[in-house]
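Here is how the chains run, residue by residue.
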Amino acid sequence: MRKIVRLSWANIKKHKLETGALVILVMLCMLLISSSLEGISSIKSIFPNMMKNTESYENYILIPDNAYNREYENILSADERVEKSAASELLYSMSTNYLDDKGKEQALYMAFITKDNENKLERAEIETTMSDAEIADIKHPIYMPFSVKDGMGYKVGDKFDMIFGTKKFSFTVTGFYDTVLFDTSSGGLKMIVSDEDYHVLEAVLTKYNILVYNDNQGKGGTDLGNELIEAFEDYSNLDVKSGYMMLNYKNIKDGVVFFTELMLKVMIAMAAVIIVAIIIMIRYRIAGDIKDQIVSIGVLEAIGYTSKNITFSYVIEYLIISAVGILLGIGGCLMLSPVLFRTSEIMSGHRIYSKITLSPILLTAGGIILFVSLIAFIRANMVKKYPPVCAFRKGLGDHRFGKERLPLRDTKKSVHLRLAMKGFLNNFKQNIGLTACITISAIAIVFSFVMFSFFNDGMDAIVKSAGMEMSNLRVELMNSADAYEFAAEVEQMPEVRKATPTSGLSQMIKLVDCNELMFPMAFRDFKDTENIFPIEGRFPEHDNELMITNMCSRSENINVGDSVTLDYLNVKRKYIVTGIVTCLTNGGINIYLTEDGMKRLIPTYTPNTVEVYLKDGVNAEDFRYRLTQEYGRSISDMSDDESTGSSYEDRIKAEADRQIADLMASYGVSHIEYAIQAGDTVIKGNSSGFMIKSVMNILDIMNTQLSGIAQAISVTTTLFMLISALVVMIILFILMESSVRRQRKELGIMKGMGYTSKELMFQLAFRIMPAALFSVIIGTLIGIAAVNLITGYIGYIAINIPAVIVLDILLLLFCFGCAYIGARKIKKISVYELMTE
Amino acid sequence: MSTAVLHTEKLCKTFSSGGFQQHVIKNLDIEIREKDFTVIMGSSGSGKSTLLYALSGMDKPSLGKVFFGNEDISGYSNDELAVFRRKNCGFVFQSIYLLENMTVFDNVMTGALVAQKNSADLVKKAEQLLEKVGIKKECWKKYPNQLSGGECQRVGIVRAVINEPKILFADEPTGSLNSASSHDVLDIFTELHNKGQSIVMVTHDVKTALRGNRVIFLSDGTISGEYEMPKFGTDDVKKRRDGLQDFLDRMGW
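From first to last, the protein sequence lines stand for chains C and L. Here the first sequence stands for residues 1 to 837, where the numbers follow the UniProt record's numbering. Here the second sequence stands for residues 1 to 253, where the numbers follow the UniProt record's numbering.
Some clues are possibly wrong.
[Said to hold, decoys possible] Each computed SDA-like pair below joins lysine to any residue, with the alpha-carbon atoms no more than 25 Å apart: (1) C:Lys385 to L:Tyr143; (2) C:Lys412 to L:Asp205; (3) L:Lys141 to C:Leu406.
Just so you know, the hints here were simulated from the structure itself, not pulled from any lab data.
With the rest of the complex left out, here is chain C:
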């Protein structure tokens, strides 16, 4: 045994560079597979653990206070499908902003809850560095979800300024907690505040009652939730449907699991590339080595070593190499897993209650050892073909008398190209492995590149795929306001380029064909839109037409020309699908129809939102301020306004306005008219000055929601591109080195004939180009197909074909460059040494 190990060790020492490269590949393979398996096994337990730790309910239904009735709680608990339930309340708004560290206002949906109310929903385990005494001294404490800490970089003790309209509310961050629902910037961040601060905010933000429950349906509660909403509305005759929100654990879990699994699957695909690379390397290294050392092998056999001994010396050599690679890989995995967990925590905004388990690591290590041994054994077994005498004759008898390919007498142009092509055909088998390796790498590179360019192209590409209008400001009006009147008025302002009325997102409509509630986007004429593009079909023009998102189209196989049914309050209408729209926002559940189309389903429908497009150079935040000042969005400001007019009439009007503001804020009154007799004068007025309910800077919200994800995807895809390129580089280097070693004699002879090193390097490098070209074409096609597959889940991702072609050309040049540099050892071949050996 010792003598066999000695042979193996001698071989390792002889090929240090190749050994190093193989160790790197095994290490990467180990790292990727074990981390992926670790991730896959953890992801299954992460959410159950999270639920267990927070003791959170699985389903939330949020109902605005003006549509709430306490009897709903009984209806909920009486349902036999509900296992347990509770009720609580919070304040929520989609019009809140916060001041970032540069003092700039950033949009962020926020919910505020008191600690007692929070405890009815889940157990908030606070993480803080402050003592109780320190917290008691803080005037406006606030506890935030971990995602604020991880994603926005807040620390305990930091100041947090919430902006609502013209009002600013300052808090001090006193701690963080894990919350399963209501913890993302996209859905809203739930902050725990003191009872006093809650009451202050109550005057400003909309109060929602929350009904929470666990059911035994296992479908994420959507169906049950919809039935409950129907039941609530039937009971109370209040308009619950237009203002309720539903959150459930399964949807949030599925979203995170989908992206995490997608990432892990890409990692496994990368590992597959590396495995192919390892197979190629081991096979060619052993074959090259046997050919190189054939006489020595003959000598060993002559002095008593059996071919089995020699075969096992190769197996042991590769076992040693893989053991080193595996150990480094385990080290890397142990270091990478916490990073992956942490990345998942940052991306999901949750604490991951999971620990590294040894079984995936051991399983991967065992698999790699077995796999490497098998490949090495199968290849090294070719030693059997060389008994001593045959080996002394350098394996004579192992000749090919195959068909002559590309005879040189037919050479038309460069002899070097011809010789390269001859070499390619003569090494066809070798090229199959190489093709597989470059193809998989090309798939990974093209896929990563398309994703990278899409997500790295600032927010422009994402915005174009948003599937909603990206005006500068989205103004939601009070129910009483006339959107067209308001739009016409706003359009007269010098800063405004255009104002288009549309539907808000408050009322959802059920698309019966997929049993999902959808956000309707209604416009009088879709030609007025600037950011809604049908990728297939056309805009709806008539009242029986609509467009759906590509996600909906794919998941339910609904195509242009198909008929679908919409259901609103049990009113059902059929529509023809005229177009498919890409939609990265609202979870891809938008439908697009004309105003007449909306009225066909909801006869009382009137647009309540206006998209305001500003002229170039106008600051959206300044204009928002002006708009809110002018149109009295800040009802609460009015109710707190202490200023009085100069005349008696003015003072009466101001008081009337305050009363109106109070009624609207406290009781959800939508329209008020008044007439006051003051002496001989009748002072009249109404609430039309309070037209604005909220103003949103959609681009800012998009930035907050998606820039973190875009950055994470850009980093991940860059990493994949680099790893793929590294694998291709290593493979080509090793392949070329092995080719040079195997063909040392031929190359020497050609040098003797007058071929220069550069010409020979070109020939050798060019040999791989047909395989590389084929691989890159196939890899590109599969890569694009993979992007299109993903498109079905997350929306349309534009593929810049010219950029992909440039990438392919660069990839081919990269392959040629690596092969050319890899063949540089040709320079070291001395003709003289060869001739006199």
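With chain C fixed as given, assemble chain L onto it according to the hints.
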């Protein structure tokens, strides 16, 4: 008297290994004349092959200069030497060194196409040369390991001369052949010489050396003697052999 096609000035070649230096060629001045069939002889280790490879640009001298005509090639880079070789030199090796993965015809064409563009004339020339050295047409598509040693060496000679080199270098061209094959190969060399081809050949075989018209005897890296003969076939064979043998005896052969 012919003009010198190649000459050296104080040519030295030293090999170093493990701190030990071996001076194989020492301050050697030699002149290779045009149209001469120069034979380099000497005992083992005398530096014959080293000299041949230094003269032909296969290897660089450690010191001194090698002139091809008036052109000093001793300072050339490896790639410049390769270009020099393809234009001016042909090689015939003891181990033949045909490319085993190529057919006979492709072996010849590989040598031809490195120096000139393909043409119908070039293909025709290759065919004529192969026929001339006795390689039948049915062998042209065969691989080297399907031919005998003598046939392979004849293919090697065709490959070496197809570009009409200014000098043909041969290192023990019959060293691995049987006597019948050796005779055939040497006849080809004689014929080439008769047509005016300059040849430099290293050998330790007297029979082979008899084909030349000038014999240079190397001893310990320096020229210890030189012997001139008429062209092969123009004089009495016995007298020629005795004369050469006498020279070699004097050189201590």
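Hint by hint, here is what the structure shows:
Between Lys385 of chain C and Tyr143 of chain L, the direct Cα distance comes to roughly 22 Å. Compliance with the 25 Å bound is thereby established for this hinted pair. For the given pair, Lys412 of chain C sits about 43 Å from Asp205 of chain L by alpha-carbon distance, which is inconsistent with the 25 Å threshold. The straight-line distance between the Cα atoms of Lys141 of chain L and Leu406 of chain C is roughly 12 Å, inside the 25 Å bound, and the hint therefore holds.
Hint 2 from the list above is the single one not met by this structure.
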